[in-house]
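Asks: Residues per chain are reported as follows:
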Amino acid sequence: MSVTTPEARRIYPGIDQLTLRTLIVLGAAATVVAAQAAGARVGPWEQGIVFGLAVITAIRPESVAGIALLGGAAYLWVLAPETLSPLVLVAAGGMILAHVSALVAAQGPARMAVDGAQVRRWAARGLLLWVVAAAVWGFSVVLADLAQGRLAYALGLIFLTVGALGAIRLLGSRTGN
Amino acid sequence: MSEWRVTAAWVRATAIAAVVTLAAVALGRPDLLVLAAPFGLLCALGAAHAPRTAAGAKVRLADHWLHEGQSTKLQIIPTTARDLEQVTVTLAVPAFVIPQPPTGAVAVTPRSGRDPAIELLVSPRRWGVRSTGTAMLAATSSWGGYRWGPQRLPEAQVVALPETRTFTSGETPHPVGLIGQNRSRRGGDGSEFFAIRPFQPGDRLRRVNWRTTLRTGEVHAVGTTAQEDSSVLLLLDATSDVGASAGVDGEASTLDVGVRAASALAAHHIQVGDRVALRVLGRTNQALGPGSGVRHQRRLQEQLAQVQPGWPDLLGARHLRFRAGAGTLVVVLTPMLTPEVTTVMVTLAQRGLTVVVVDTLTTEILPETARNPRTAARLAWRLRLVERQMQITEVTRRGIPVVPWHGPGTLDEVLRRLTRRSRMPRVRSR
Chain H
85 MSVTTPEARR
95 IYPGIDQLTL
105 RTLIVLGAAA
115 TVVAAQAAGA
125 RVGPWEQGIV
135 FGLAVITAIR
145 PESVAGIALL
155 GGAAYLWVLA
165 PETLSPLVLV
175 AAGGMILAHV
185 SALVAAQGPA
195 RMAVDGAQVR
205 RWAARGLLLW
215 VVAAAVWGFS
225 VVLADLAQGR
235 LAYALGLIFL
245 TVGALGAIRL
255 LGSRTGN
Chain X
276 MSEWRVTAAW
286 VRATAIAAVV
296 TLAAVALGRP
306 DLLVLAAPFG
316 LLCALGAAHA
326 PRTAAGAKVR
336 LADHWLHEGQ
346 STKLQIIPTT
356 ARDLEQVTVT
366 LAVPAFVIPQ
376 PPTGAVAVTP
386 RSGRDPAIEL
396 LVSPRRWGVR
406 STGTAMLAAT
416 SSWGGYRWGP
426 QRLPEAQVVA
436 LPETRTFTSG
446 ETPHPVGLIG
456 QNRSRRGGDG
466 SEFFAIRPFQ
476 PGDRLRRVNW
486 RTTLRTGEVH
496 AVGTTAQEDS
506 SVLLLLDATS
516 DVGASAGVDG
526 EASTLDVGVR
536 AASALAAHHI
546 QVGDRVALRV
556 LGRTNQALGP
566 GSGVRHQRRL
576 QEQLAQVQPG
586 WPDLLGARHL
596 RFRAGAGTLV
606 VVLTPMLTPE
616 VTTVMVTLAQ
626 RGLTVVVVDT
636 LTTEILPETA
646 RNPRTAARLA
656 WRLRLVERQM
666 QITEVTRRGI
676 PVVPWHGPGT
686 LDEVLRRLTR
696 RSRMPRVRSR
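Those sequence lines, one after another, are chains H and X.
236 is the number that the numbering used here gives to position 152 of the first sequence; each next residue is one higher, with no gaps.
440 is the number that the numbering used here gives to position 165 of the second sequence; each next residue is one higher, with no gaps.
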């Protein structure tokens, strides 16, 4: 009787997806390296856990492992004794890279070709986010030497938050129009 | 209906921003705010661009009828493009349908002022009524804050008509109509030489044969045979389908061979002006009366595309009415595995119709179990093939030619012999 021959088609992820998912691991690695360079004593177990979480996030970018990965990366930075080291910007860059790469990778199945327009858009946004981190770091460095440092710092953060909310509101209304 | 929900990325950004900010306050570490600030901003931007309109999508297929192996455009059009920053479509295709791109997944970034339609190509690889597959649509709002779907979209259906390869064959043995390209047994206004005969009123002057006229002293003209059409009945045996089918560019089952052969024969005979009828002996039992022209050919191909293998309710010469007139050429496309079908064709031959059998079962088509010496099924197949051989012998003994299908020119020799036989004088016993 009739037999239908199954189509032997197996689609593997393309090089673009592999690159994108590798960036998640590289972002996590950058954070670990930055923390160690800033003086954090990171044990092999801690490193292993962070890299394991990075690999899981690379395979399943929508999983809870992503939250644990970024949380773990922040924890490794906490181990650094120096509070205002410029290396925090490298750590922030690594975390942003891992997050944004996971966000783009989660837009479709692994076998799908990555949308170039989305990559360009999120690369620009990632850069903007890193600039924000750099602005907060610069602000912290300036206020660290002031006599009323804590008060000025709190006020500055409030101003920054209000400014950011205003910018968001403006951006939102422009998009709506 | 699906609705907008926050994305995993937004949850991740919010959670990290909140936890790291709290840690910064609790530990008095301003550097942690450097890590938290980008994620806080991302969370706020995602929330600020929360979609305000409900999303939806419709599916449009460019062509609903096409031949197997051809491809058509499947468009997925989101009904709202306002809040969409990115749209992803995945297509899970059934057997015998191939998508392009081969992954069946496409991501598109809608541009302002442009229709955010997503296009994929789908190609049915085997005749039949086929679904284009299950399409799932997901859309993301600006800054990756919210996602709509994945939402399952309604499936579109395409009728894949059987492939029609170029086919040539000889003339039919009993042309009976008025127009066509088959040589008639009577003289008329055709192009084929018939005889040189005395001039008759109505003959054209250019037909006068001057050499014979001068020799005999009487005006003679060249006579030609009339050209007529004939009636062809295609009888497709769909009671069984043997062998593996791998689509238009792979292996073919007996039903594949039968359907494609019927399509090619119909196209050929309709092209030369014959009237072609179709009768399917199978579960679907399609019947299409004789007709000619491109529209009829299309109807016939549509009927062939809907053939499904299976046993009909009633199968026997007594129950079936073929409405085949005298002189009809009956072409039976069968794997010769069903004795009832053999009985039907013998009955038609006994009625005086010219019956030709196209054997659709070749040794390559036999299933793997029939060739594997380790299985008991091989023995069963051997018995079945012996029965089949007996049927072929019986049919041939009754003057019904059996020819295997091998594309163009399959019926040439057979029809030539049948035409010659039909012109020979017959002795009738009373």
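Since the hints were derived computationally from the structure, they do not count as laboratory data.
Just so you know, even glycine gets a beta-carbon here, dropped at the ideal spot from N, CA and C.
Any given hint might turn out to be false.
Claimed, not checked - Here's a subset of chain X near chain H, in silico, CB distances under 10 Å, partners left out:
#1 Trp285
#2 Val286
#3 Pro313
#4 Val364
#5 Thr365
#6 Pro377
#7 Ala380
#8 Val383
#9 Pro473
#10 Phe474
#11 Asp478
#12 Ala542
#13 Pro587
#14 Asp588
Claimed, not checked - Pulled a few chain X residues facing chain H out of the computed Cβ check, cut under 10 Å:
#15 Ala298
#16 Leu307
#17 Leu310
#18 Ala311
#19 Thr415
#20 Gly419
#21 Phe597
#22 Thr622
#23 Glu688
Asks: Give a verdict on every hint.
Replies: Comparing the hints with the structure gives:
Look at Trp285 (chain X): its Cβ gets to within about 9 Å of chain H, closer than 10 Å, so that hint holds up. Given hint, Val286 (chain X) at the interface with chain H, holds; its Cβ is 7 Å from that chain's nearest Cβ, closer than 10 Å. Evaluation of the Pro313 (chain X) hint against chain H yields a held restraint, the C-beta minimum of about 4 Å falling below 10 Å. For the restraint placing Val364 (chain X) at the interface with chain H, the shortest Cβ-Cβ distance is roughly 9 Å, inside the 10 Å limit, so the hint holds.
Interface restraint check: Thr365 (chain X) against chain H, minimum CB-CB distance 6 Å, threshold 10 Å, status holds. Interface restraint check: Pro377 (chain X) against chain H, minimum CB-CB distance 6 Å, threshold 10 Å, status holds. About 4 Å separates the beta-carbon of Ala380 (chain X) from the nearest beta-carbon of chain H, less than 10 Å, and the hint is met. With a cut of 10 Å, the hint placing Val383 (chain X) at the interface with chain H holds, because the nearest CB-to-CB distance is about 7 Å.
Hint on Pro473 (chain X) is violated. Least Cβ distance to chain H is approximately 63 Å, over the 10 Å limit. Residue-level restraint check for Phe474 (chain X) is violated (minimum Cβ-Cβ distance to chain H is 63 Å; threshold 10 Å). Proximity of Asp478 (chain X) to chain H is violated relative to the hint, the smallest CB-CB distance being about 59 Å (cut-off 10 Å). Below 10 Å, beta-carbon pairs count as interface contacts, and Ala542 (chain X) has none with chain H, the closest being about 25 Å; its hint is therefore violated.
For Pro587 (chain X), the interface hint is violated, the least distance from its beta-carbon to any beta-carbon of chain H being 16 Å, above 10 Å. Residue-level restraint check for Asp588 (chain X) is violated (minimum Cβ-Cβ distance to chain H is 19 Å; threshold 10 Å). Checking Ala298 (chain X) against chain H by beta carbon gives a least distance of about 7 Å; that is within 10 Å, so the hint holds. Because the beta carbon of Leu307 (chain X) sits about 7 Å from the nearest beta carbon in chain H, less than 10 Å, this interface hint is met.
The interface hint given for Leu310 (chain X) holds, since its Cβ lies 5 Å from the closest Cβ of chain H, which is under the 10 Å cut-off. Residue-level restraint check for Ala311 (chain X) holds (minimum Cβ-Cβ distance to chain H is 8 Å; threshold 10 Å). With a least beta-carbon distance of about 6 Å to chain H, the hint placing Thr415 (chain X) at the interface is held under the 10 Å criterion. The criterion of a C-beta within 10 Å of any C-beta in chain H is met by Gly419 (chain X), whose closest approach is roughly 5 Å, and the hint holds.
Evaluation of the Phe597 (chain X) hint against chain H yields a violated restraint, the C-beta minimum of about 26 Å exceeding 10 Å. The criterion of a C-beta within 10 Å of any C-beta in chain H is not met by Thr622 (chain X), whose closest approach is roughly 27 Å, and the hint is violated. A least Cβ separation of about 31 Å between Glu688 (chain X) and chain H goes past the 10 Å threshold, and the interface hint is therefore violated.
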